[in-house]
Structures are given as structure tokens and as C-alpha cells.
Amino acid sequence: MTFSEMLNIGLMQGFSGLSLFAVLLLMGLGLAIIFGQMGVINMAHGEFMTIGAYTIYVSSRVVELHMPALLPYYFPIAILVAFVLAFVAGWALEWTVIRHLYKRPLDTLLATWGVSLGMQQVFRSTFGGKEVSGTLPDWIMGSLTPVEGLDIPINGLFVMGLTIAVTGCVIMALNHSRWGLRVRATVANRPMANATGINTRKTDRLTFAIGSGIAGIAGAAFTTIGSTGPTSGSLYIVDSFLVVTFGGTANLFGTVISAFLIAQTQAISEFFMDGSNGRVLTYSSIVLILMFRPQGLFASKVRR
Amino acid sequence: MPNNFDESAFDATRRKLLKVLSASPLVGMSSLALAQQFPTAKVNTTGLAVTDTEVTVGQLHSATGTMAISETGSIQAEQLAIDQINAMGGILGRKIKVIKEDGASDWPTFAEKAKKLLVNDRVASVYGCWTSASRKAVLPIFEKENGLLYYPTMYEGLEQSMNVIYTGQEAVQQILWSLDWANKEKKAKTYYLVGSDYIWPRTSHKIARKHIEKKLGGKVVGEEYYPLGHTNFNSMINKIKAAKPDCIYAIVVGGSNVAFYKQLKAAGVTGDKQFLLTISVTEDEVLGIGGENFAGFYSACHYFQSIDNPNNKKFVAAFKAKYGADAVVGDVTQNAYLGPWLWKFAVEKAGTFDVTKVSAACGGIEFKDAPMGYTRIHNTNRHLWSKAIIGQGQTDGQFKIAAISPELVEPDPFPKGYQ
Chain A
1190 MTFSEMLNIG LMQGFSGLSL FAVLLLMGLG LAIIFGQMGV INMAHGEFMT
1240 IGAYTIYVSS RVVELHMPAL LPYYFPIAIL VAFVLAFVAG WALEWTVIRH
1290 LYKRPLDTLL ATWGVSLGMQ QVFRSTFGGK EVSGTLPDWI MGSLTPVEGL
1340 DIPINGLFVM GLTIAVTGCV IMALNHSRWG LRVRATVANR PMANATGINT
1390 RKTDRLTFAI GSGIAGIAGA AFTTIGSTGP TSGSLYIVDS FLVVTFGGTA
1440 NLFGTVISAF LIAQTQAISE FFMDGSNGRV LTYSSIVLIL MFRPQGLFAS
1490 KVRR
Chain B
19 MPNNFDESAF DATRRKLLKV LSASPLVGMS SLALAQQFPT AKVNTTGLAV
69 TDTEVTVGQL HSATGTMAIS ETGSIQAEQL AIDQINAMGG ILGRKIKVIK
119 EDGASDWPTF AEKAKKLLVN DRVASVYGCW TSASRKAVLP IFEKENGLLY
169 YPTMYEGLEQ SMNVIYTGQE AVQQILWSLD WANKEKKAKT YYLVGSDYIW
219 PRTSHKIARK HIEKKLGGKV VGEEYYPLGH TNFNSMINKI KAAKPDCIYA
269 IVVGGSNVAF YKQLKAAGVT GDKQFLLTIS VTEDEVLGIG GENFAGFYSA
319 CHYFQSIDNP NNKKFVAAFK AKYGADAVVG DVTQNAYLGP WLWKFAVEKA
369 GTFDVTKVSA ACGGIEFKDA PMGYTRIHNT NRHLWSKAII GQGQTDGQFK
419 IAAISPELVE PDPFPKGYQ
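Those protein sequences? They're chains A and B, same order as listed. According to the numbering used here, the residues represented by the first sequence are 1190 to 1493, in order. According to the numbering used here, the residues represented by the second sequence are 19 to 437, in order.
Hints were generated in silico from the structure; no laboratory data involved. For clarity, every value in this text was computed on a predicted model and none was experimentally measured. One or more hints might be untrue.
Cβ pair distances, simulated, as ranges [what the hints assert, rightly or not]: (1) Pro158/B x Gln1310/A: 52 to 62 Å; (2) Asp344/B x His1365/A: 22 to 32 Å; (3) Lys162/B x Leu1299/A: 55 to 65 Å.
Covered stretches of chain B, as calculated for chain A (at least 3 residues, CB under 8 Å) [claimed, not checked]: (4) 255-269; (5) 274-282.
Think of the CB as a built atom: it goes at the ideal place given N, C-alpha and C, for glycine as much as any other residue.
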């Protein structure tokens, strides 16, 4: 192998670590809001991602049938639609189920798990048991080749850009908007927030819906790298929880750092060993670190 | 287990059947008359669910859960075969009735439902299972309760039972010929083996590695496994790029399969630049992967929807008429379709529904109208003789036939020298 080939492989490997970082962060972001800020263990997070994935599939079919000329452009709009649909579904779920369970956080685990099974069956009955694949725009499915032998996946770049945008928006909103202020107040001290006139129920519902909507965005974006089927969401749920728990709940900054560390460990270990063993190494290091820091890497000092 | 059954004991029955068949051709003969030729007391001596007008069989697949993605096609194909057999008058003058059970992608549930079908429902045969894990879970029950299972999936081999007919390819049948072809036609000398981490890919790669190293004089430059459901293959793709194999030999399954091919394409590894051969992608999988992401890569099976023969044209047309014009037929779906037909022929050869006698009659059963062209059950190991076929993926999700083995390939579930 020549030096330039090694350089290319090194660059591509560096990119694949970054792109995995973006994927994990986008996966965990919605959950970080719901689990981190509200303490709801949302096992249906993966299914909200599946809503996003199916939104892409349906949009691509509709566009293909009725306005094939728009095929190269529909994708960003479909992602917005995915956000809206998942947002609405999250709103409905909070209103019907979750709001009755805030005082019993462990029960949210069982309830949302049931919801997740139910949603999987709804997908199966609606779209069939088989995996589907929407027609993605050609521009997103290729690679950039600045020099011979160096291929940068465009879908990786796309997911990265989207992750930066979404994360930026969420951090801005949490720190600089009225909604963010209310959320932080509610997290810090719910009765006191209530006493100062904040409608914590409304805040909760909006927070849950926004978290779900972000899951929808993630699911839509992941159609470029993964599968669309009734159980696709279950492929992401473990990693999502891992990112959020490891980073420390209630801290978005922690989620970002945690996604970065997990992604780098996984990408590098997979390069130097077998995929299964890489996974073992990644998980055992996380378990080890969590043994010494059960609260995760970063924990905000709040009274719960 | 060798076939130690003494066939002469049933010559009398068979001669009688032949006499019946030659004296009065089946066409034009009412099923009632045929049923009278074979009184229930004679054709059912072990208390199976067989009446004067009906015979009950079982279907045991996952209609729910993670495997429903794969098993739906099998359920549909078996139902189609049964409908067609019923339309022709059934078996020995009796219509087939199906009891459907859902294994729900959960192996203990498969075992429980198998027991229910055999003990409570007393079904005469069962069409079912998809994963090896589910088959292993039900096998002891089929052997203990003496049931007959038709199993449709390609699998790792190393199994043989008087209670199972394997209609998919076992590993040796699927792998050796395709590797020979890769070596000869594609001049592949170096191979990179990739698989999902469970028994089928691991056993298959073990066989492939032995064949590549010992018989083909080639070299395996990498072999690795990823957990089921793994969705990120970028690091592995970089490793493949560094190793520069002539051939990527892939056995990735499920949701990982989609991620694998989408990411290969995004990393610039496409069919026109890299030779890739897989044994785990059929038309059904391409639905999820997207034809444009698999185009140019090769798949080795013993059936493709695009095989050009009159049997297959009829079969595909019937399948689409029943399940919609968008429906596709993959290898396993076709294998599932063979099951009820092979059972019908064995029952007619045995002249009875009794499981032991039908099972004994299975060896050598031919299916000349099989969509794959022609097939025959092996006399001793009860897998199918079939031609190996290699298809090249097209953007429309179909396969262009690239090569067909000139002869039927013998199934060999216990290959010497490959263990």
C-alpha cells in the first residue's frame, strides 16, 4: 500500500467516525430532551423514528407518481413533514398516556414499550411486513471523490449537516427561548415553577412533542443509511439510550460529548478488530465508566 | 440418519395407486370418486385430521415480530400452492384445509405451536419455520410426535431428519458452485468474507474459506462478523478498501443488509468497480435495499423471478394475480411454494396420509413443473437436487441471470473436508 492510499483510508476512516458521531447524536437528541429533561423512559422513541422513515417512503411514492420532476428536491420538505407528523404523534401520546404517569417514571417504561409494540403492528398492518425503500434523490446516494481513491459519502455529509442544524436549534431554544426557560425551570423545581405561574403540563406536552418530532427527523434522515420497515426503530433504540445515559441525563452538552466518544471508540475499534468484538469493547468501556460515574459523564446539579 | 426404510412393504399400495391412475385418468374423475377409492380408514391409520372430504395441514411462520419481514412471502406462496392443489381436486380426493399458527419470531413459541399443531390438531403435514433457530426449536417435537415439516429457507446444513424435507439450498450447494464460478469467470483470487454474527453466516464462511484456500488456491484476506441489526458499516468498508479483495463475499441479513448496501454505494463501492457475491439477497431483500443500491452485484441462489421457463412464467403470473402486480418472488418464496406440491406427490405415491409412509415415499419425488425448472428430493438426505444460479442485480430490483450450473447440484448437508 502506498503512502497516499494510507492517507486516503485514514481520511475516510476519520470521516466515518465523525459521521457515526452525527448519527448517534441525532438518534439521541430527541431522547435526551424526553428522558433527560422530563425523566420519561420512552421506549417508543425508535417507533417515532420509524414514523419519519415511512414519511420519506410515502412522500417519495407520492412525488414519483404525481410530480416526478420534483424527485430531486422533495427530500428536505419530507423531513419537515416527518417532524410535523412525529410531533403530532408525540403530542397525542403525551396527552393520552404519558401525562398520567409523571409521578411513576418506571411505569413510563412499560407503558411506552406497549405503545412501541402497538405502533410496530400499526406499521405492519399499514405498509406490510416487508421492508420498503423509497426512491431517494440521486444527489444524496453517491460519493464525493476529490481525488482518486478518496470517497466521501454524501449521505454522511448530509446527516452531519442536519445534525449540526438540529442540535444548534435545540440548544438555542433551550437556552434562549421562553419554552426553554420554562423547561429548565420545570426540570429544576417543578412545584416552584408551577407556583410562579408556569403551566408545567403544557410545557411537558410541548417538550415531549418536540422530542418526538426530532426523532421523526432522525428517522427520516436515516433512510439514507438504513432500512425502512416496521421494526427498523428497534435497531436504534439501544444506541439512543446508551448515548443519553452515558452523557448524563439532563445535560445536552453531555449528550454531544457522549455521542462523540462512543462513535470514535466504535469506529476505531471496528477498524482494528472484528465488528462484534468492537461492539463488545465499546459496551464494556461504557459499563466500566458508568460503574464509577453512575450519573453519566456530565450531570447538572439540580434538585429533582 | 440413513434411509433404512424398506420400500418393498409399500409396493403393493403403490401398484394399486398406479392401477387406479392408469385405469381412470385423474382428469375427469370427480374428487368424490377418488375419495371413495381411498377410504379414510385406509389412508389414515394413525388418527390424523383426515375426513372423507378434507385433510388438515398446518402452517407455522412468523406473521408478527421481527421475522415477519421475511416470512410473509413464504406464507403467501404456501397458500397459493394449496389453493392450486385444491382447485385441481385436492389430494386423494380430499381438499386441503390449513390451520395457520403464528410463531411470532420467538423460538419457544414456535415449539409450543408445533406441539399444538401435531398433538391437538393432528395435522398431516406442516409448512413452516424460516430461521434455523426456529427449526432447531421445533425439530425434537416433530421427531417425537412424528410430524412432517417442509422447511423453505437456505440454511447452513449439518442436519438431516426423516421428519423434515428441506426445500432450500444447504450451504455446500449454495456456496461451492458459486465460488467456482467466481474463480473461473471473474478471476477472483482474493476474497473478503463479511457476515452477520450467527450460525448460518459463520458455518457458510467456514465452508467458503476451506474451498477458497484448499480447492481454488485463493486467499481469504479478511473475515468478519457484525451483530444482527448493526447499522454502521463505514469502518468495515474502509477495511475492505484497504484490503482490495477481488471479491467481497457477503452474508449479511435483516435490517443490516439494507444499511450495508446503502453505505457501500455511498462509499463509492458499486457494481461496476467491485465484484461482490452474496448468498443472502433475493428479490425480497432488494425491495428493502433498493434496486439502485444493489445494481451490478451478484447473488447465488437456486431460483430467481426472472428465470425464463414456462413453469416459472405461470407461477409468477399466478402469484401476482393473487397478491398484486407489485409482488415479487424471491428464492425462499419459491421454495415455500414447492412444499405442498412435494407433499401431494409423496402422498399420492404412498397412497396414504400416514406420516411414516409418506415420509418414506419422499425420497426420489420429482417436481417437473417446479418454477425453478425441475427438482427432485434426494433419496437419502431429503434435501433438493437443484441447479445453482447466479443472478446480477438490476436497478429495477430484478436479477439478470449470469450463470446456471449445467447439471443439478447434489445436496450434501454433511460435507466431508469442510467441517
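These are the hints, each one checked on the structure:
1. Distance hint for Pro158/B and Gln1310/A: a CB-CB separation of about 31 Å, inconsistent with the stated range 52 to 62 Å.
2. Distance hint check for Asp344/B and His1365/A: the Cβ-Cβ separation is about 49 Å, which falls outside the suggested range of 22 to 32 Å.
3. Checked against the hint of 55 to 65 Å, the pair Lys162/B and Leu1299/A fails, with Cβ atoms roughly 37 Å apart.
4. With 5 residues having a beta carbon nearer than 8 Å to a beta carbon of chain A, the segment 255-269 of chain B meets the requirement of three or more and the stated coverage holds.
5. Requiring three or more residues with a Cβ within less than 8 Å of a Cβ of chain A, the coverage given for the segment 274-282 of chain B holds, as 5 such residues are present.
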